Amino acid sequence: MRPGTLVRLALAGTRTDTARVVLTALSALLATLAGLAALAVLAIDKPPGDAWAKSEQYGNALLREPGLRGGTTFALLMLTIPVLALAGQCARLGAPARDRRLAGLRLAGATPGQVTRLAVLETGVAALLGTLAGLGVYLGGRELLHRPDGQGQLALPTDVLPSAGAMAAVVLGLPVVAALATALMLRTVTTSPLGVSRKAPRERGPRPWAGLLIAVGLAAFIAVRPVLFQFEGNDEVLAWLVPLLFVAGGLTAMIGVVIGTGWISYTCGRLLRRHGRHPAALLAAGRLMADPWAGSRTFAALLAALIFGGGAAALRAFFAAQDQLDREQSRLGGVDQAADSFYLSTMDLVDAAVAVAVLIAAGGLMVALVEGIVARRRAYAALVATGVPRATLSRSVAWQALAPAVPAILLALTVGTLLGRGLFPKATTGGSSTEVCNATAALCADPATRAQYTRVVETPPVEQVPDVPLEHLAWLGAGALAAVLVTVGVGLLFLRVSTALDELRAA
Amino acid sequence: MTQLQARGVVRAYGPTPALRGVTLDVAEGEIVAVTGPSGCGKSTLLHCLAGILRPDVGEVTWRGHRIDTWSEAARSRLRRTEFGVLFQFGQLVAELTAAENVALPLLLAGTGRREARTAALTWLERFGVADLADVRPGEMSGGQQQRCATARALVTEPRVLFADEPTGALDTLTGEQVLTQLVRLAREQHTAVVLVTHEPRIAAYADREIVLRDGLVDHTGLGLDVPLAGGAR
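In order, the protein sequences belong to chains S and B.
Residues 1 to 507, numbered by the working numbering, are exactly what the first sequence covers, in order.
Residues 1 to 233, numbered by the working numbering, are exactly what the second sequence covers, in order.
Think of the hints as simulated: they come from the structure by calculation, not from any bench.
Every clue listed holds true.
Going by beta-carbon spacing under 10 Å, a handful of chain S positions derived as facing chain B:
id	residue
1	PRO279
2	ALA285
3	ALA290
4	ASP291
5	ARG376
6	ARG378
7	VAL384
8	GLY387
9	VAL388
10	ARG390
11	THR392
All of these numbers come straight from a predicted model, not from anything done at the bench.
Just so you know, even glycine gets a beta-carbon here, dropped at the ideal spot from N, CA and C.
Just chain S, with the same shape it has in the complex:
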């Protein structure tokens, strides 16, 4: 097949195909922005001086403090997870119609390899358009936002640019990853010339092995502190071991929660089938059991954001406990220390990132739910025609979304909190002695009189286990549930349209 023909066929299709291409490009644009922003933070030059010298050209502590820049980069990279999940959801939009189109091409003589290349090319081109647009938005935004304030400080790192190689890696790498992911997804789906897409049939439901992954992830986080003590001073080992434990533990736990949602969906379906009395519950149960991984796919980004949010909540609780403990110790030593809000205000920014991630994840959730409804519109229309009330179908869709969502949200928040708690199990202070001089500055400064007025205050070591941030977690859970409810509400609007009896004519 000539390249021109390949491109023309890849970009042909219905309005749904166009929507898929546009949404894929949009998510690639967002991922590019997050990636380039992370690279820009990494590109900030170290000012001369020691390793902790601040970059005073920035007004924002997250950019100014070298110790916080790694975390900022990590948070920005974390934002790409829901964005990539959104891209994954978009890639599934209208997949049955696309499979029928590809089957038509097979009938016309295209080989399986050629139709796979078509699908890969469609995703790759859409993602490339998105990354190029993202690069344009980034460069344009950089110029627009480069406005130093009255003190000559910048709000964003608009004075630095990632290296050309790094930018090229993002702009070209994302489409390649998207195309490879599409090829991987099509590997298990063979589009036959008869228009039948078959997957290996599921013999039994998922097993709760994901719990093991969660346990391994938690263990990795818990191991960080002992490793720090064990290899104290051995910077060479710590430089790779701690980040490895951190990233591997976080990812393993995240994968565990996402896979575990498949088991949760299946179990919810089984319980609904056994105990549900209303046909809506029966319909939802059938769907949940037939494709339990739909829950994993649908909620993956939201759950990732919630794990991050739960970890951030645990971290905030630790900082609050540590600050309180430090102040109490200072008071014992006769010094009235004001509350240090630096870390807590930094956590506000982390929470803002979590909120953005939840919003992006809700977008992916909406795409997935609407896609599921639209793909089944003929079956829904047939049910309505036979007298099944739309309210029953609406309740069924709501059951399908909410039954696995509630336990999955609870699981994600619990795992996130445990990860944070594993890293910072308790606030500690004290265990030292301090000389306190109770006299005027002159007397204290004079070596002859200083000893007379000086006493040694022994501060015993004190440990405090931070409170479980129940209120914070409740807000996060409520926010996530609200996002799911809004998504279901929008999905039900599409259900109304999709059950229009005209769909019966579109056989």
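With chain S's structure known, arrange chain B on it following the hints.
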């Protein structure tokens, strides 16, 4: 006795007219075939009679009550309780087993789960597919699926069964087997059947044939006397 009537029914899809004034009566227990070439308005007429679509002009009455003025909810209730609807394909819920699919209308009507399953098994038995009770539609042949769908359409013992090309996706032999069972069971419980088809052989199962052309009744005739298995006719 006439129980379902259409009077001067007109229905268009945008600028394209599908029905241009159709009048039709269906008596209790009568089997009526609606035939005609593609695009003549057969399915639209069936949808109007079943209360799935509202006519633009004209009226549809069920036992003396105009149903075309009823709300969507009321018409849904009517379809659930008094009517059965059968399509060519794609009507079974893919995620539910055959027994659950057949039990669904009963569950919607408030029947208990156990009673609904018992009734579903009875109907699957009547259609010779009881062994598929716990099998999902995706694992059945087209003929088996259509037998389950027919069992589902009849499980509430409706007064009228609307069947839109019910054998259109089946081979000749399977189609005839399904239709033979459908007609026999409909006659046993005095269920009227409105059967849309473009196949003369299928229309021959009916008591009366109504031929549509360009959205109008072209002519009406008697169905051919096709002997049915078991001497049901």
